[in-house]
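Participant: Sequence:
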Amino acid sequence: MSERTGQPSHTSLYEENIAKEKFALIVRFGYVAMSVHLTNASPSQTMTATQFQRLPDREAAIRKLERIAADNLHNTLRILRYNQAEQIFLYRLSSKLIPLQTHELLADWDPYAALEQPLRELGEYGRQHRFRLSFHPDHFTVFSTPRQDVLMKSQQDLERHVSLFERMGLDERYKCNIHIGGTYGDKVAASDRFIQRILQLPERLRMRLTLENDDKTFTAKETLDTAHALGLPMVLDLHHHAVNHQGEHAVDLWADIQQTWSNEAVRLNQLEDELLAPKIHISSPKSEKEKRAHADYVEVDPFLEFARAIAPFTPRLDVMIEAKRKDAALFQLMQDLSTVDGISRINGAALEMFS
DNA sequence: ACCTGTCAAGTCTGG
DNA sequence: CCAGACTTGACAGGT
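By my numbering, the letter at position 142 of the first sequence is numbered 142, and the numbering carries on one by one without gaps.
These are calculated hints, taken from the structure and not from any lab test.
Among the hints, erroneous ones may be present.
As the list claims (entries may be wrong) - Below 16 Å or equal to it, Euclidean Cα-Cα: the simulated EDC-like pairs (lysine to aspartate or glutamate) are:
no.: 1; residue 1: Lys326; residue 2: Glu86
no.: 2; residue 1: Lys221; residue 2: Glu203
no.: 3; residue 1: Lys96; residue 2: Glu66
Claimed, not checked - Now the in silico label distances, taken between C-beta atoms and shown as ranges:
no.: 4; residue 1: Tyr112; residue 2: Gln87; range: 10 to 20 Å
no.: 5; residue 1: Pro202; residue 2: Asp110; range: 30 to 40 Å
no.: 6; residue 1: Lys64; residue 2: Ala242; range: 42 to 52 Å
no.: 7; residue 1: Arg81; residue 2: Glu203; range: 30 to 40 Å
no.: 8; residue 1: Phe140; residue 2: Asp110; range: 36 to 46 Å
no.: 9; residue 1: Arg120; residue 2: Asn40; range: 21 to 31 Å
no.: 10; residue 1: Pro202; residue 2: Leu55; range: 29 to 39 Å
no.: 11; residue 1: Val340; residue 2: His37; range: 38 to 48 Å
no.: 12; residue 1: Val243; residue 2: Ala49; range: 18 to 28 Å
no.: 13; residue 1: Pro312; residue 2: Lys153; range: 17 to 27 Å
no.: 14; residue 1: Ala85; residue 2: Ala189; range: 18 to 28 Å
no.: 15; residue 1: Glu159; residue 2: Arg120; range: 26 to 36 Å
Note that this is a predicted model, so its numbers are computed, not measured.
C-beta: ideal position from N, C-alpha, C; glycine also.
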């Protein structure tokens, strides 16, 4: 293996997988939060703090928040049923399922009292159909921050996401993906601070994390080093890598990135579990000028080039599509890929590449 | 029914 | 030091 690819050698588990898959790469695709095909199915409906305060009856206002949250959970279940019908097994949950959950106006509100049942139902459906569900707390979750107040809020927001997983009955295989954060003029100090902060987190939060390279600050290589230091899996974003790297090639980092997922599978004693297959993000630049912004759809070629290059030493890959047109972009990409030589479609959103 | 402005968050840049 | 850009989907309020 290592002679063949020039990559570092791999575990015996890895060799077994390769033998079993006969050098075929199985790729599954998914999309983020909302479907553009389903109507009136937003999982992210909300209420502004201003509106909440404007309502004279606070109890009634809270009931309204709970109705919005229940509706978001119901819409998420509708989306999962749709995903099941379309055979899409990768899906990122909305971070806005429960509006104003961490707002200081609602510090005394326990939203779970009213939402326990729908959350459990959602998690059960997800487990039953083997969906790979994830969260991506937004970019205001910054553990590299030097500010204590920002750190507190970041931990609070991560806690909120992990609690949702727990209330859904979804164990540590279900992950919250985050970025490292800002540099504040000193990248080394910032990543050191990040590492120390993550090490100080309660284990139930720390072990939910995956780390993703970002488009401005921490490159894939730097994120991989940080993931190694913390023993966390890494999600490689190919678009971010394309606009933020120091000359290194994603394919050359891949063996080590893949290894972070094998390590996690070993840690959780879930060696063959597809929930812990290595995962990447793909998206395409909106335009020449707006290289970082996401386009409506995803171009085939950059993904195809990467997938072909890693196929000889990768049995399985999960791909999250980050495109404005969400599931429509997924279907378009599947169609574009299905006409390519050496690729056969397994089902709605999974395919097999032979090498 | 549609359109425009606003809302949240934290970081970073430009003035 | 402060204002504005960045990002995102959806609300809020106007026509």
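Participant: Per the hint of 42 to 52 Å, is the separation of the Cβ atoms of Lys64 and Ala242 within bounds?
Facilitator: Holds - the Cβ-Cβ distance for Lys64 and Ala242, about 44 Å, lies within 42 to 52 Å.
Participant: Are the Cα atoms of Lys221 and Glu203 separated by 16 Å or less?
Facilitator: violated, 25 Å
Participant: Just to be sure I understand the hint, the distance between the Cβ atoms of Val243 and Ala49 should be within 18 to 28 Å; is that true here?
Facilitator: violated, 35 Å
Participant: Does the Cβ distance between Pro312 and Lys153 fall inside 17 to 27 Å?
Facilitator: This hint is violated: roughly 44 Å between Cβ atoms.
Participant: Is 18 to 28 Å right for how far apart the beta carbons of Ala85 and Ala189 are?
Facilitator: violated, 49 Å
Participant: Given a hint of 36 to 46 Å, does the C-beta separation of Phe140 and Asp110 actually sit inside it?
Facilitator: violated, 23 Å
Participant: For the pair we were handed, Lys326 and Glu86, check the Cα-Cα distance against 16 Å.
Facilitator: Holds, because 14 Å separates the two Cα atoms, which is no more than 16 Å.
Participant: Given the hint of 10 to 20 Å, check if Tyr112 and Gln87 actually sit that far apart at their C-beta atoms.
Facilitator: violated, 32 Å
Participant: Does the hinted range 30 to 40 Å hold for Pro202 and Asp110 at CB?
Facilitator: violated, 20 Å
Participant: Given the hint of 26 to 36 Å, is the C-beta distance from Glu159 to Arg120 inside that range or not?
Facilitator: Given about 19 Å between the Cβ atoms, the range is violated.
Participant: Looking only at beta-carbon atoms, does the pair Val340, His37 fall within the given range of 38 to 48 Å?
Facilitator: For Val340 and His37 the Cβ distance comes to about 24 Å; the hint is violated.
Participant: Take a look at whether the Cβ-Cβ distance between Arg81 and Glu203 falls inside 30 to 40 Å.
Facilitator: holds, 34 Å
Violation of the numbered hints given earlier is confined to hints 2, 4, 5, 8, 11, 12, 13, 14 and 15; the remaining hints are satisfied by the structure.
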